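With the hints as your guide, set chain B onto chain A.
Letter by letter, the chains look like this.
There are 2 protein chains.
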Amino acid sequence: MERLKVLPKKVLPIITWLPKYNVQFAIRDLIAGLTVGLTVIPQGLAYANLASLPAQYGLYSSFMGVFVYCLLGTSKDITLGPTAIMSMLVAQFCSRPDSWPTEYPAAISQSDPALAINLTMLSGLILLVLGILDLGFIVNFISHAVIVGFVSAASILISFSQVKKLFGIKLHHREFFKALPELVSEIFKGHINWYDFAMGIICIALLKGLQILKQKKENDESLSPVVRKVIWLIGTARNAFVVIGAALVAFALEKDNIDFWKDGCKSGTANCTSLTLTKLEDASLPPFKVPMLSYSYEFLNETTQEPEEFHVGPMMIISKLSIGLFIIPLMAYLESIAIAKGFAIKNGYKVDPTQELLAIGLSNSISACVSSYPVTGSFSRSAVNSQSNVATPAGGIVCGALVLLALLFLTPIFVYIPAACLGAVIILAAISMFDDAGIKHTWKLYRLDMIPLVVCFVVCFQDIAHGIIAGIICHVLILLYKTSKPSDGASESEGHIQMAPAQGLYYPAAEMLAERIESAVQDGKNITLDLGKVAEIDSATSDAFKNALNFAKKESLSAVVINANSQVEQILRDNGAGDFIAEEKSSGEDEKDAFLEKV
Amino acid sequence: MERLKVLPKKVLPIITWLPKYNVQFAIRDLIAGLTVGLTVIPQGLAYANLASLPAQYGLYSSFMGVFVYCLLGTSKDITLGPTAIMSMLVAQFCSRPDSWPTEYPAAISQSDPALAINLTMLSGLILLVLGILDLGFIVNFISHAVIVGFVSAASILISFSQVKKLFGIKLHHREFFKALPELVSEIFKGHINWYDFAMGIICIALLKGLQILKQKKENDESLSPVVRKVIWLIGTARNAFVVIGAALVAFALEKDNIDFWKDGCKSGTANCTSLTLTKLEDASLPPFKVPMLSYSYEFLNETTQEPEEFHVGPMMIISKLSIGLFIIPLMAYLESIAIAKGFAIKNGYKVDPTQELLAIGLSNSISACVSSYPVTGSFSRSAVNSQSNVATPAGGIVCGALVLLALLFLTPIFVYIPAACLGAVIILAAISMFDDAGIKHTWKLYRLDMIPLVVCFVVCFQDIAHGIIAGIICHVLILLYKTSKPSDGASESEGHIQMAPAQGLYYPAAEMLAERIESAVQDGKNITLDLGKVAEIDSATSDAFKNALNFAKKESLSAVVINANSQVEQILRDNGAGDFIAEEKSSGEDEKDAFLEKV
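Top to bottom, those sequences are chains A and B.
Using the numbering used here, you'd call the opening residue of the first sequence number 6 and step up by one each time.
Using the numbering used here, you'd call the opening residue of the second sequence number 6 and step up by one each time.
Extracted from the complex, chain A is given alone in its bound form:
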C-alpha cells in the first residue's frame, strides 16, 4: 500500500503532500469524498436533532471543519464534523438556563444555537492554547477505562433519547431517570403516533437489513465485482438511501398538508402533519460571522406585552457553559486523536498529536464562524473514508462541497424527512457504540480499572458531564494511591534485607511510551523493551505496549519484551501479546543472590 508520510512539526502539513498531488490521488479523493458526503448529510441532520438544534445546524457543522483540517491535519483518513457524543454533550450544555427569559417568538428547539456556536469558538481557542503550550498530554488523564464507561453509558442514553421519536411521543423530562418512567407511562396510555411508529420500525428494519447485506455479501466471491461494488455502496450510504426513501414517502403523504414556503409551517412542526417531520428554520448557506461571546435575542416583556432585547454577555456564556469548557474541548481532541492514531497505525503513517491539537482547535474556531456546533473526528465516517481508499485530506473538500450544495438546493426536501427515520439512524449508530468488548477487556486485564469505568458509567446516567469528571477523579485517586505505595522489592535473609523499590507504569504514561516506540518503528528500528524496572502495568499500558509492538511486527521489525516480572508478563499474555516476551530470563536473580552472599 502506498504510504503518504506527512511530516509532523510543520504548521501547514498540506505543503508536504500538495506538490505530489496527481490525477490518481484526485480520483480516489473524489470517490471517497462523495461517499462520505452521502453519509454525513443524513447523519448531520440526525445529530443536530440529538443536539436539540434545528436540523440545518448539522450541515453547518459538516463542511468548514473538513476544509480547515485539509490544510492543517496530519491524518488523511479522519473526517471532522458532528458526532453522536458531541451532539449529546451540546444538548447537555447548550440549553438556556431558566434564569434567562424565553425567546419570542418561541424557538423550535431546546438548545440555544448562539450558545452552541460560542461554545464551538471557545472550545477551538482552548485547544489552540493547549496546542501552543504543548499541554496535549493532559488528555492522557482521561483513561481508556473512563472512555469505555462513558461511551457505553452514552450509547444507552443516546438510543433511549430517540425511542420517543419512534413512538411520536413528546416528553417533558430530559433526565434519564425521569424520562424513562414518563415514556413508559405515555406508551401504556397509548399516546403513540402510529404513523411515526410504522415509519421508525420500517427504517430500522431497512437500515439493519442493508448493514447485514453489506457485511455478508460485499466480500462474497460468488458475486460479480459490479454487484459487490453496488452492495458496498448501498450498504455504506444506507443512511442516505433510507432517509431519501422516507422523505419521498412523507412527501407523498403530506404534500397537501404542508406549504412551508408560504405560511407558519415554514418551521415544519408536527402540528401540520400526521407524520412528525424535521424541525428546520428557513435554511440556506449560513452567514460568515465571528462569534464574539455576546449576542442578543428577543423576549416578550410580560408587563408591556412588547418584545424586548435580552443581551447575553461573555461572563454569562462562560458561567453557563462552566465545566463544558473543560469537557467539550478535551472530548473533541480525544475522540479525534484516538481515531487518527488508529488509522495511522493501520495505514502506516504518523500523526503528530500537537499538530492535531492545533488542527482540531482551528477547525472548531473557524467552523464556529459558519454557525457550527463543536466538531470532532467521526469514527463511522472516517472508517467509510478509509475504506473508500482516500489518498489525502483533500477528500474532505469534496465532502464539504457536497454538504454546501445540499444546503443550497436540498433544504425544501429536508423538511419532509420524518423524525422517526432520523431517530432510527441515531439509534442504530448509538447501539453499535456500546463497548462490551472494552468492558470485558478491562475486566480481564486489570480489574482495578473497573472502578473508574463503573463509576463513570453509573454517574453518567445522572449527568453525563459529572460522569466523566467522577471517572477521571476516581482514576487519578487510584493512580495517586499507587504512587504512594511503590513495590519495595524486598528480599530478606538472616540478618540482611535487600530492597529494590520500583513504581508501576500506569495509564497517563502509556501513550508517551507507545509514541516513543512507534516513532522508533517509523525510523525502521528493531525494538527491545526491557520491563525490568517496572513493578506493575495496568490495562491501558498493556494495550499501548501491545499496539506499539504489533506495529513493529506489521512493519517486519523485531520486537522483544525482556525482564518482565510475573504480573507484567501475565497481563501482556492475557492481552494476546505473549509472543513478544523473550523466552530467556534475565540474570538479575542470580546476580542478586551473588550479591547477598558477598555482603
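Mixed in with the good hints, there may be bad ones.
Which copy is meant is left open, because identical chains are indistinguishable; a pair holds if it fits in one copy or across any two.
[Stated by the list, open to error] Below, simulated DSBU-like cross-link-like pairs (lysine-lysine); rule was C-alpha separation at most 35 angstroms, straight line:
(1) 490 with 449
(2) 490 with 351
(3) 559 with 490
(4) 219 with 490
(5) 551 with 351
(6) 490 with 551
(7) 175 with 449
(8) 219 with 183
(9) 445 with 351
(10) 490 with 445
For the record, the hints were derived by calculation from the structure and aren't laboratory data.
It should be emphasised that the depicted structure is a prediction, and the values quoted were computed from it without experimental measurement.
For chain B alone, kept in the frame of chain A given last:
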C-alpha cells in the same frame, strides 16, 4: 540508653509498659511532667489568645489530651496540647460568620468557643475514622515542601499578629494585607500604649536573654553541676518565670484599679487598667459535656430589645467549618506524627502510624468534652519532655495534673498577666518556626519542589487554608505530570533501540519506604538499598532514605545504596548521604551491551 519498645497493633499500648513500671520511671516522669507543665501553662494562655479565645481555653486544652494519649499513644516523648499552628487555624475557622447574630452580652473574644469545641470533636472523629479505615497514608500527600512553605508563612503571620499587642493597639482588620497598613498607620499616629510597649520589650529581652544563657551555659563544664541544672531549669521554664514576673508587676501597678471578683471587670478588660491584661471568663475546671454539634447563644432582638436564643445546628457548624474539617484533622495528625517519628528515631523506639491516628483522634474527641480546642503534638514541649528524660507517657499525667491545679487555684492570678507579655512569648516561639533551613534544603536538593513551597507560602498570606490547599494541589499536579512522563531509558544503535522505562519515586512514596527500612533496622537487619529501578527521586524521598539509612548506621548496622543512577546519586550526595553509596558499580551496563550485541 534503655529502650522502651512499645508493641504496635495493640489498641491499648499502655498494657505493654505499665507492668514494667517502677520507681525510677516514676521519678523521671514526675520531673519531666512538672517541667512540661511549667511550659504549657504560659504557652496555653498565650496560644488561646492567638486562637482568639478567652485565655482559660488554652488550659482546658492542655490536660485531657495528655491523659488519653498516655493510654493509647506509642511515643513516650510527645506531649499533646495547644500549639501555635493549631491556634492560628482555630482563629481562621472559628470566628462567627457575619450572617449569625452578635452574642449578647458581647463576647470577650473573636472566636466562638462552642464552635471551636465542636471542631475538636469533629476533627477527632474524622481522625478516628481514618485510623479505623487505615487511610493514614493520605497525609503523605501533604509534602514536606508544602509544610516548609506553610510553617514559614505561619511564622511570619503569627509573629505579625502579636506585634499589635506589644504596642497595645487594637486593629479592625485580621487579614494580613489589610492589617499591616493599619498597624503602620496606627503606630505613626502614635496610638501606642506605652505601658504595653515597655512591658513587651522587657519581656522579649528577658526571654531572649534566658534562652541565650541556657544555650551558652548549660553545657559549660567550668560551672558546677548544680549551677548548670539551675540554668537549665530557668532557661527551659523561662516562659513561666517571665509570665509570673510580669503578672506580679501588673498586680503591683493595677491592683487598685481592678476588682474582678465583684464587678464587671470580672472579665478583665483593657478598660480597667493602663496595662492591657488577659481576657478571661470566670474560670475554674471546665464542665464535662459531650459536644453534640448543636448549641445556642443569646443575642439582642433589635425590634423588641429583648435577648433571644440563636440555635446553631450541625449543618451550620459543618458548612461554617468547611475545609477546616479537612485541614485541621490532617494538620493535627501530621504535626504529631512528624514529631513522634523524629523522637522515635532519636531515642530508638518505634511508633505505629495507624495507632497514632487513633490516639490523636480519640484524644481530640475526649478533650472536646472538657471544652478543648483542637490539640496536637507540640514540638517545643515534646523537646522539653525528651530533654527532661521522660520514661513513659505517664509523664503526661503529672503535666495534666499541674494544669488542673492551675485552673483550680491560679485563675485569680492569670487576670494580671499582661497581654504584651503573652505576645512576647508567642513572637519568640513563632520566629523560631521560620524554616529557612528547610527552604535552603529544598532549593539545594530538588528545585522543582520549590514551586509548591513558594505557591503555598505566598497564598498563605491571602488565606492560610487556601495556601495549604494550593500547595497540595500544585505538588499533586507536578506528581501527575511526572507520572505521565516516565523515563524511557532508551539507548539507540544502528537499526535497534532498547527501552527500559522506569518511574521515579516521589514524596507520597517516601514515608512508606522509610518505614519499611526502619522496621527492618528494628529487627536488626543490615540494609542493601538497590535503586537500579528508580529513574529519579525528589527531596522528600532523598530525606526519607537518608534518615532511614542513618538510623541503621546509628544502630551499628550496615547500610549500602547500590545501582543509583547519576541523578539519584547526586541528590543523595547533596543531602549528605554520599557515604552510603557503594563504590562498586552494577554490571548492568555491560549486561545491556552484551544483549545488544546478541540481538
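Inset, instruction - Could you place residue 551 and residue 351 in one of the four classes (within, between, both, neither) given a Cα distance threshold of 35 angstroms? - result: The answer is within: 14 angstroms in one copy meets 35 angstroms, while 50 angstroms across copies does not.
Inset, instruction - First find the shortest C-alpha distance between residue 445 and residue 351 inside one copy, then the shortest across copies, and answer within, between, both or neither for a cut-off of 35 angstroms. - result: within (23 angstroms within a copy, 53 angstroms between copies)
Inset, instruction - Can you give me the call for residue 490 and residue 351, within, between, both or neither, at a CA distance of at most 35 angstroms? - result: between (38 angstroms within a copy, 26 angstroms between copies)
Legend entry - Alpha-carbon proximity context of residue 559 and residue 490, limit 35 angstroms: Answer is between; shortest inter-copy Cα gap is 27 angstroms, intra-copy 37 angstroms.
Legend entry - Copy assignment of residue 219 with residue 490, given that the CA separation must stay at most 35 angstroms: Neither: 52 angstroms inside a copy, 44 angstroms across copies.
Legend entry - Same-copy or cross-copy closeness of residue 490 to residue 551 [CA-CA at most 35 angstroms]: For residue 490 and residue 551, the Cα distance is within 35 angstroms both inside one copy (26 angstroms) and across copies (19 angstroms).
Inset, instruction - Indicate which option fits the pair residue 490, residue 445 if close means a Cα-Cα distance not exceeding 35 angstroms: within, between, both or neither. - result: both (27 angstroms within a copy, 28 angstroms between copies)
Inset, instruction - Could you place residue 490 and residue 449 in one of the four classes (within, between, both, neither) given a Cα distance threshold of 35 angstroms? - result: both (23 angstroms within a copy, 26 angstroms between copies)
Inset, instruction - State whether the alpha carbon distance between residue 219 and residue 183 is at most 35 angstroms within one copy, between copies, both, or neither. - result: Neither: 38 angstroms inside a chain and 75 angstroms across chains, both beyond 35 angstroms.
Inset, instruction - Evaluate residue 175 and residue 449 at a C-alpha cut-off of 35 angstroms and name the case that applies: within, between, both or neither. - result: Neither: 42 angstroms inside a chain and 68 angstroms across chains, both beyond 35 angstroms.
Against the hints set out earlier in the document, violations occur for numbers 4, 7, 8.
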